[in-house]
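K.L.:
Here's the letter readout for the chains.
There are 2 protein chains.
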Amino acid sequence: MHNNWSSADVLLPYLPQAFREYMERGELPGGRGSFPAAHRPWLHPEDFKRTDATPPGGGAAGSDHAYMCEQLLDRYAIDHAILNGEEAIEVSTLANPYYAQALAGAYNDWVADEWLPRDERLLASLVVAPQDPAGAAAEIRRLGGHPRFAQALVSSGSQRPYGDPFYHPIWEACAELGLPLAVHLGGNAGVNAMPTGCGPPTFFWEAHALLCETGMGHVASTIAHGVFERWPGARLVLVECGIAWLPAILWRLDEDYRALRKETPWLRRLPSEYARDHVRLTTQPLETPCNPAALWPALEDVGARDMLMFATDYPHWDFDDPASIRLPPEWREPVMDGNARALYGLSAGEAVAAHR
Amino acid sequence: MHNNWSSADVLLPYLPQAFREYMERGELPGGRGSFPAAHRPWLHPEDFKRTDATPPGGGAAGSDHAYMCEQLLDRYAIDHAILNGEEAIEVSTLANPYYAQALAGAYNDWVADEWLPRDERLLASLVVAPQDPAGAAAEIRRLGGHPRFAQALVSSGSQRPYGDPFYHPIWEACAELGLPLAVHLGGNAGVNAMPTGCGPPTFFWEAHALLCETGMGHVASTIAHGVFERWPGARLVLVECGIAWLPAILWRLDEDYRALRKETPWLRRLPSEYARDHVRLTTQPLETPCNPAALWPALEDVGARDMLMFATDYPHWDFDDPASIRLPPEWREPVMDGNARALYGLSAGEAVAAHR
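Same order as they appear, the protein sequences are chains D and B.
For what it's worth, our numbering labels the leading residue of the first sequence as 1, then goes sequentially.
For what it's worth, our numbering labels the leading residue of the second sequence as 1, then goes sequentially.
One should not assume that every hint holds.
Quick partial rundown of chain B residues pointing at chain D, CB under 8 Å, derived from the structure [said to hold, decoys possible]:
#1 7
#2 110
#3 160
#4 217
#5 288
Below, a list of computed lysine to any residue pairs in the SDA-like style, where the Cα atoms sit at most 25 Å apart [unchecked claim]:
#6 D/262 <-> B/262
#7 D/49 <-> D/70
#8 B/262 <-> D/70
Label-pair ranges, simulated between beta-carbon atoms [to be verified]:
#9 B/166 <-> D/318: 52 to 60 Å
#10 B/46 <-> D/28: 48 to 56 Å
#11 D/261 <-> B/277: 36 to 44 Å
#12 D/261 <-> B/178: 53 to 61 Å
#13 D/329 <-> B/291: 18 to 26 Å
#14 D/336 <-> B/30: 55 to 63 Å
#15 D/58 <-> B/232: 45 to 53 Å
Hints in this document: simulated from the structure, not taken from any laboratory.
Predicted model, so just to flag it, every value in this text is computed and none were measured.
Don't be surprised by glycine CBs; every beta carbon is placed ideally from N, CA and C.
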């Protein structure tokens with residue numbers, strides 16, 4: 001889920017003096033109180049927040065803990081939810097990696113101070129700026145031992161795919177702290193690569209459907225570069241990149257790897273085998289065939305029952321409702337509960353575990 | 001299938017004088033006889049030709065008609081095959097659009113002179129340089145009426161997705177001539193966009209598995225921009241982009257279009273409905289799940305039985321054998337025969353039709 005601020009000025013007390021001045025006096029994309037990051041060029045024609053998610057007392061959708069409990073946590077009797085922030089992962093779009101990392105750190109401190117103490121059901125993602133791998137690793141070591149930070153978090157928009165050696169300091173730090181690296185859809189702007197494979201799409205709905213291509217590339221790259229051989233505890237979590245494309249890509253990767261594995265002699269297993277053990281994906285958005293049963297045979301073939309974790313995307317427009325999501329009966333327990341508990345070390349029935 | 005030359009010098013007699021000198025005297029990427037285009041940065045570690053496809057009498061794989069008959073056309077009793085050239089579509093990678101178009105035109109004349117008269121089973125694709133839409137349209141009008149050119153052909157590597165208004169002159173010319181526009185995997189270099197969604201992949205097998213992302217983008221773009229409303233006879237043919245990803249992308253496009261169709265008021269149907277009527281894909285490569293039956297329920301859901309056309313990719317390394325390809329029994333006739341006959345206007349039992 002996405003926690004939010006009503007003004008990015010909440011970060012000011014947490015920024016080093018130089019960057020506090022930068023944010024107070026310097027250029028911002030949307031006037032004072034807006035967040036310093038590059039915005040993607042595909043603008044949602046109705047904005048991307050649920051219109052009913054604006055708190056009755058005012059403020060931005062996702063900014064009011066009590067209303068979030070009413071609309072989500074209490075309503076659906078949710079044991080644990082992971083806060084992923086709203087604009088924070090867009091720090092990946094900034095040209096200045098030091099400013100980006102300072103903003104990520106300020107966000108993390110704000111979450112630790114203002115969100116986590118309020119509700120024991122909440123965990124949080126530790127946002128880092130991947131364009132500065134050494135700084136990201138330092139941030140993971142600074143706060144990654146906090147028992148309520150469940151994973152490090154970067155945007156799916158990136159300069160390179162995340163298996164690239166450029167990012168290995170991030171994987172190294174995650175391994176030290178025992179944290180998964182989560183990759184959330186976003187950051188498709190600024191210094192990051194075009195997020196689709198044949199130049200810029202035009203419309204929001206067109207682009208949104210294609211943004212899953214970033215997830216495909218990160219899965220392929222982390223496997224091919226041997227991240228899961230080098231750090232056997234490493235876990236990649238794709239958040240909001242969809243799931244229906246996974247079998248197609250894993251079948252293609254297996255086929256091409258079988259023929260040309262000489263390129264990557266450090267690998268010892270098929271790409272799909274690494275994926276099954278090391279890659280997790282959230283169900284949001286769960287794709288919807290005409291015949292709902294058509295979604296599952298391919299996912300079954302690649303073992304996705306052990307890889308998927310339910311996510312809501314609250315409070316965004318394409319929210320998946322936990323009460324009405326359509327899963328095969330034998331997928332329900334692992335996807336709604338067991339897979340996330342296993343990944344994050346959350347015991348069943350325990351509100352918040354000392355999870356590592 | 002891919003017909004080839006043993007030296008790109010075969011094009012010289014067909015080039016205008018200025019570009020003939022350019023090719024004879026100017027810079028070439030691989031010395032005299034090589035083809036003037038930018039090469040993709042992912043180099044196949046064993047080259048990408050079938051090692052048994054080199055003609056016994058010498059020359060490049062795919063350059064000897066008699067050997068091609070022995071290995072493919074006669075051996076499998078093939079009624080019709082479409083020649084797609086080998087390096088010709090890489091003209092799309094060149095910065096100079098006039099040179100690119102001249103090379104495409106020279107290739108087309110060479111095919112018309114040297115290949116088509118030899119064998120009545122052969123049809124050919126008319127190669128154009130998409131970075132020069134006006135020139136491409138002129139080339140389609142120059143030769144597109146030739147009864148043995150079955151479609152116009154561009155690379156999947158492109159500067160923009162092919163629904164973009166930049167390319168509408170090409171769609172207009174195809175509509176005039178009644179030709180499908182085929183998009184073949186390739187051209188992923190030079191002036192074209194990075195072919196995957198999160199920056200450059202590293203290894204050939206990794207990149208090859210991901211190159212299908214270009215196909216996803218072209219399908220979404222041609223549908224979203226209303227190409228199939230503006231030119232109701234238009235057909236997009238994806239060649240060698242794989243097929244297993246198609247349902248995932250169409251489900252996502254339908255879902256996003258349903259929510260945000262106000263962005264594209266010229267559309268009157270769901271993206272998947274346009275795809276079913278206007279998009280065709282070749283089976284090469286046919287993805288291979290652990291359980292072969294797992295491939296088909298999703299494809300059935302989007303009506304792919306009417307969209308797929310068998311292709312071999314002869315003489316390349318990942319050739320699909322028509323005798324051993326695994327299709328559900330009820331898919332065999334349309335995929336191996338009927339869908340291509342309907343698209344290209346080839347009557348059953350007729351060796352080469354006056355097909356338009």
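K.L.:
Broken hints, numbered, in rising order?
P.N.:
Hints 1, 2, 6, 8, 9, 12 not satisfied by this model.
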